[in-house]
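Engineer: The lines below spell out each chain.
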Amino acid sequence: MKLDWEYYWDEVKKRKFFIFGFFLVVLLPTMDTWIFLGPSVRTAQSVGIMPDSVTTSIIIQKAAILVIFAVSWDLLSGYSGQISFGHALFLGMGGYLAVMIREGLMIGDQEVFPGMEEQLVDIGGIYFDLSVIEAIILASALIAVFALVTGTIILRLKGPYFALVTLVLPLIAQILVTKIWGDFTGGDGGLQITSQLIQKPPGSTLEGLDLFKLQIEQMTTVILTFAIVCVAIMYLLARSRYGLVLKAIREDEQAASSSGINVSLYKVSVFVISSFFASVAGGLLAQVFGSSTSALFESERSFEIIIFSILGGIGTILGAIIGTFVLFFALSYYIKDGFVDLQTIEVLIFGLLLIIIIRYQPRGLINADPQLRNSLFFGVIFSFLMAFYDTGNMIIASTWNPAPILQKYLGQGERGFFGMDLFKVQGRMVLYFIVGTVIGYYGPELAQKIRLRLWGVWPSLGTFDPPK
Amino acid sequence: MTEVALSVRGLSKSFSGLKAVNNIHFDLKKNEIMGLIGPNGSGKSTTFNTITGIIPADSGSVKVFGEEVMGRPPHEISSLGLSRTFQNTRLWRELTVLENLMIPPKNQFGTSVLNALMPWKYKKQEGELIEKAYTILKLLEIEHMAENYASELSGGQSKLVDIGRLLMSDAKILMLDEPVAGVAGPLTEKIFQTLKKLRKELGLTILIIEHNMDFILRKGIDHIVVMANGEEILNGPPDIVRQSLDVIDAYLGE
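Protein sequence lines, in the order shown, are assigned to chains X and R. Numbering that gives the first Met the number 0 applies: residue 0 is where the first sequence begins, and numbers increase by one. Numbering that gives the first Met the number 0 applies: residue 0 is where the second sequence begins, and numbers increase by one.
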């Protein structure tokens, strides 16, 4: 397994425009205070071409947290093959326990645990409360111990039986926190966070919206740091012999066992590691939401990341990251805006997408054939940029634009349906996105060139051979 | 007297009334090649499975280098230096051939969680293992397939990778379940010569299940156990087996 850096560098260079474009789309809105870029970004935001930096920051925060969560699921289910349908159990436990440890725990009038002292620190201009982070890590460590105990028991079950148990556990937890332990979990309302992670710097003159904006951006930095560290640890694990042994267990447990691998030890250890990082994600998510509620245990949370990971490529860390970013951004930018009347539309769209992916690209985006992968990547970028404009046919005159018709029947949002375009070039029909979620980007060469040149990414395309 | 590597006493296993293995006794001396033959359904593979702990035996005793292993999990038995192949090759299909060979070696640094986070610690050992893996692949003439997924291999090639996996594991006792079924003739010979060479060089002890009487009865096999209907009907050197009427009966019927 020699690493051929030149090969990877070539791969990166080939996609430099894509990579640049991705960061541009994702991070540009937060650059409104930069020296050179700032003014033009602010102008774009003021006329509504670009989402404002606060919205973008919050989306990045959530996406980064979901990346930790999705990667932790992928390590357990994608690598060791123990498919869990209830990973939200650890997300929720992490959320609740982190808040309890930080804020203290009262049952009735009796104090069980006093809570942690505030420890304000200043690192790189970010003024934050270290005790919140300590609480998150302490809570995750406790949950890892809990996972050690439960894992030893439930990992004896195999395949569908294990999956079934994991499906049930978060439902039990949800009932426990809302109905039975309501005294100290806050019932349906959940546990409110009173101590903020990001604090106002001493001597700062910022007030109101400016302060809020600053804190949101600093929060993003903290969460991105968390995400990078957590994902790096899991990536190293997955890439090492340890990850290889996990894969061997996934492929054939008996063969692994007779090759001298202690299968149950590895399964329990990966369960513990995975639960630790899922709890970290839970603790951070509670910070973003401002409270820990039973919604953290929802099975939607579990299924969401399963779909993200499968789309990106199950059994690869990079796949989970890319899948999460791509789908979560698609979800936040388009789908929710596009269908304001249909609140749970994402379940429908993700479900359909899952079926399509499993049928046509079961190994995910990261393992797709390069042609399709490129077209998907470009498609996503293109659809992001399309979303910044308020009309459906801003670049190429569509022969037929279905957006208004669909809007009429399904409800209209601020940026609805702009990713969708269906038109005829050189006698061939080109269909690309449906509500921002890419289903394909097959088109004749001409259309490809027009689009890619417009976005400055044309040179990176190289040879293009549209499927006949 | 030479040391006994594997000693099996009164091994029995029945599946809901059917006696698959009934009271098997044999001793495998160190540095010996033993064949286990018998017609279909005679309990050869079940014997293997019970010895290696994949299937728990009903009664009996199995000692590996004098240590009782009955009732212990497969990975512990394997760590005493006993490795096996399966009749239907069970490679890790979504791993490459090279990765398949990288799993069995014992005492790898990178397999523990903490060391896995420090790539520089296991890099050197990994390099040595990769070199060893390539030597073995060269020996088995499948070097060109090293980077392919195991699922892309043909049946014969899979058998070879399976044997390669065994050779990587530094085992003292190799248990081969039909190692050459589906492998082309000349390569069969080569595998057999390799096994004999390895036995001489590394002092390996080898136990082979085989259908192919030509393969098993050739010179070089020290003794043979013949099984039929779960019973051990003969235990002796190849010459005796070849002349035995019991064996001919078992294979050809009454």
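Keep in mind the hints are simulated off the structure, nothing from the lab. Keep in mind that the hints are not guaranteed to be accurate.
What the hints assert, rightly or not - Here are the simulated distance ranges between beta carbons:
#1 S150(R) x R358(X): 57 to 65 Å
#2 L166(X) x G184(R): 29 to 37 Å
#3 E75(R) x V144(X): 50 to 58 Å
#4 Y6(X) x D238(R): 35 to 43 Å
#5 N106(R) x V144(X): 22 to 30 Å
#6 S58(R) x W4(X): 55 to 63 Å
#7 T32(X) x K120(R): 50 to 58 Å
#8 V144(X) x Q124(R): 41 to 49 Å
#9 N114(R) x I57(X): 53 to 61 Å
In this text the structure is predicted, and so the values were computed from the model without any measurement. Beta carbons are placed, not taken as given, at the ideal position from N, Cα and C, and that holds for glycine.
Engineer: Need the list of violated hint numbers for this structure, in ascending order.
Structural biologist: 1, 2, 3, 4, 7, 8, 9
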